[in-house]
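Participant: Please work from the sequences and hints to get the whole structure.
Okay, so the sequence shown: first residue is 1 according to full-length UniProt numbering, each after it adds one.
Calculated from the structure, these hints are not laboratory results.
Mixed in with the good hints there might be a few duds.
[As the list claims (entries may be wrong)] Distance windows between CB atoms, simulated:
{"#": "1", "residue 1": "S141", "residue 2": "L295", "range": "26 to 32 angstroms"}
{"#": "2", "residue 1": "I55", "residue 2": "F19", "range": "22 to 28 angstroms"}
{"#": "3", "residue 1": "Q154", "residue 2": "A68", "range": "31 to 37 angstroms"}
{"#": "4", "residue 1": "A266", "residue 2": "D196", "range": "34 to 40 angstroms"}
{"#": "5", "residue 1": "A42", "residue 2": "V271", "range": "24 to 30 angstroms"}
{"#": "6", "residue 1": "A42", "residue 2": "S141", "range": "36 to 42 angstroms"}
{"#": "7", "residue 1": "H23", "residue 2": "P139", "range": "21 to 27 angstroms"}
{"#": "8", "residue 1": "E184", "residue 2": "S78", "range": "41 to 47 angstroms"}
{"#": "9", "residue 1": "L298", "residue 2": "E184", "range": "35 to 41 angstroms"}
{"#": "10", "residue 1": "G29", "residue 2": "S293", "range": "37 to 43 angstroms"}
{"#": "11", "residue 1": "D40", "residue 2": "L210", "range": "14 to 20 angstroms"}
Here a beta-carbon is modelled for each residue, glycine too, at the ideal position from N, C-alpha and C.
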Amino acid sequence: MDFNQIINRNNTGSVKWDFIERHFGDGAGKLLPMWVSDFDFACPPEVQAALHQRIEHGVFGYSERDEAYFNALLHWFSSRHQLTLKQEWVCSVEGVVPGLALLVQMLTHPGDGVVVQGPYYGSFAKIITLNGRKLLENPLSESPDDGYQMDFCQLERLFRHERPPLMILCNPHNPTGRCWSANELEKLLLLCEAYDVTLISDEIWADLLLPGETFTSVLHLGERWHKRVISATAASKTFGLSSLRISNFLIPDPTLRQRFLSRLDAHGLDVFNALSVQAATTAWNESRQWLESLLDYLAESRRGWGAQATAPRPW
1 MDFNQIINRN
11 NTGSVKWDFI
21 ERHFGDGAGK
31 LLPMWVSDFD
41 FACPPEVQAA
51 LHQRIEHGVF
61 GYSERDEAYF
71 NALLHWFSSR
81 HQLTLKQEWV
91 CSVEGVVPGL
101 ALLVQMLTHP
111 GDGVVVQGPY
121 YGSFAKIITL
131 NGRKLLENPL
141 SESPDDGYQM
151 DFCQLERLFR
161 HERPPLMILC
171 NPHNPTGRCW
181 SANELEKLLL
191 LCEAYDVTLI
201 SDEIWADLLL
211 PGETFTSVLH
221 LGERWHKRVI
231 SATAASKTFG
241 LSSLRISNFL
251 IPDPTLRQRF
261 LSRLDAHGLD
271 VFNALSVQAA
281 TTAWNESRQW
291 LESLLDYLAE
301 SRRGWGAQAT
311 APRPW
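Facilitator: Listed below in structure tokens is the structure:
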């Protein structure tokens with residue numbers, strides 16, 4: 001795969017390139033669109049081939065996730081993240097953000113607070129405030145020596161004074177890239193337990209780790225926490241499939257899971273895009289080497305940019 005290949009995405013309906021003026025006003029089309037996390041790389045060739053084959057079949061009736069989809073997903077998490085999932089935990093939605101919005105509606109009431117950690121993904125704020133909930137910020141602290149850290153003291157004050165029923169975590173954190181350790185996650189969950197807070201962990205970036213980083217899911221921490229944790233995942237960021245929308249909410253607790261499935265049924269979200277299912281299945285099964293090459297390319301790019309971004313020295 002040639003990641004240096006420049007692909008012109010203009011006039012393809014790209015939100016990033018074709019609709020930048022809608023977001024930033026007239027004249028913004030002259031800007032480099034570095035405002036959204038969206039690859040300009042072609043997706044894996046294995047995925048392209050599988051999509052061509054599926055399209056040639058020619059029939060696109062109502063579709064469901066088949067056993068191949070679940071097997072690919074479970075094997076991916078087992079082999080790449082040493083995380084054993086159960087198929088019944090998997091609740092699929094069109095995308096992570098729509099699923100988060102449904103969970104905000106399900107787990108909170110209008111006027112309730114929902115905690116996020118700044119700097120945060122803008123869509124978190126949108127799905128909280130537009131659903132009539134209060135955005136509660138727990139800003140990350142930053143130091144030259146330790147990088148970004150959770151401010152547990154401020155978080156506990158927020159829990160104690162605001163009594164929010166829900167917190168949305170981002171792990172790895174967007175935009176800082178911080179991967180939370182098992183100790184940090186356990187400390188966070190102890191606070192959630194003490195103040196009866198449900199924790200949704202957006203883990204969509206888990207596969208895009210640079211050298212030296214280790215990903216720990218909230219689901220790695222064991223059954224004790226299953227009744228109050230939900231993990232949100234997708235193949236979209238990993239393999240550049242954002243417009244082939246399908247995500248997976250991993251919900252170990254049967255009561256929480258059934259409530260969420262009922263919510264999906266109530267919104268008619270019970271069928272799936274056949275091409276999305278095919279793309280994700282193929283990516284997990286066949287595109288591991290493509291991902292390794294991508295990670296090498298990203299690591300090398302970061303090293304190059306770091307050298308160029310070094311502050312100039314005085315004469």
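Participant: Taking the hints in turn, state whether each one holds.
Facilitator: Now for the hints, and whether the structure bears them out:
Distance hint for S141 and L295: a CB-CB separation of about 28 angstroms, consistent with the stated range 26 to 32 angstroms. The beta-carbon spacing between I55 and F19, approximately 26 angstroms, falls within the hinted interval of 22 to 28 angstroms. Judged by the Cβ atoms, the range 31 to 37 angstroms given for Q154 and A68 is violated: they are separated by roughly 46 angstroms. Between A266 and D196, the C-beta spacing of about 25 angstroms breaks the proposed range 34 to 40 angstroms.
Range check, A42 to V271: Cβ separation about 28 angstroms, and the 24 to 30 angstroms hint holds. For A42 and S141, the hinted distance range of 36 to 42 angstroms is satisfied, since their beta carbons lie about 39 angstroms from each other. For the pair H23 and P139, the beta carbons lie near 25 angstroms from each other, so the given range of 21 to 27 angstroms is met. A hinted range of 41 to 47 angstroms is violated for the C-beta pair E184 and S78, which are about 24 angstroms apart.
Restraint check, L298 to E184: a C-beta distance of roughly 24 angstroms breaks the suggested window 35 to 41 angstroms. A beta carbon spacing of about 32 angstroms between G29 and S293 contradicts the range 37 to 43 angstroms that was offered as a hint. The hinted range of 14 to 20 angstroms is satisfied by D40 and L210, whose Cβ atoms lie roughly 19 angstroms apart.
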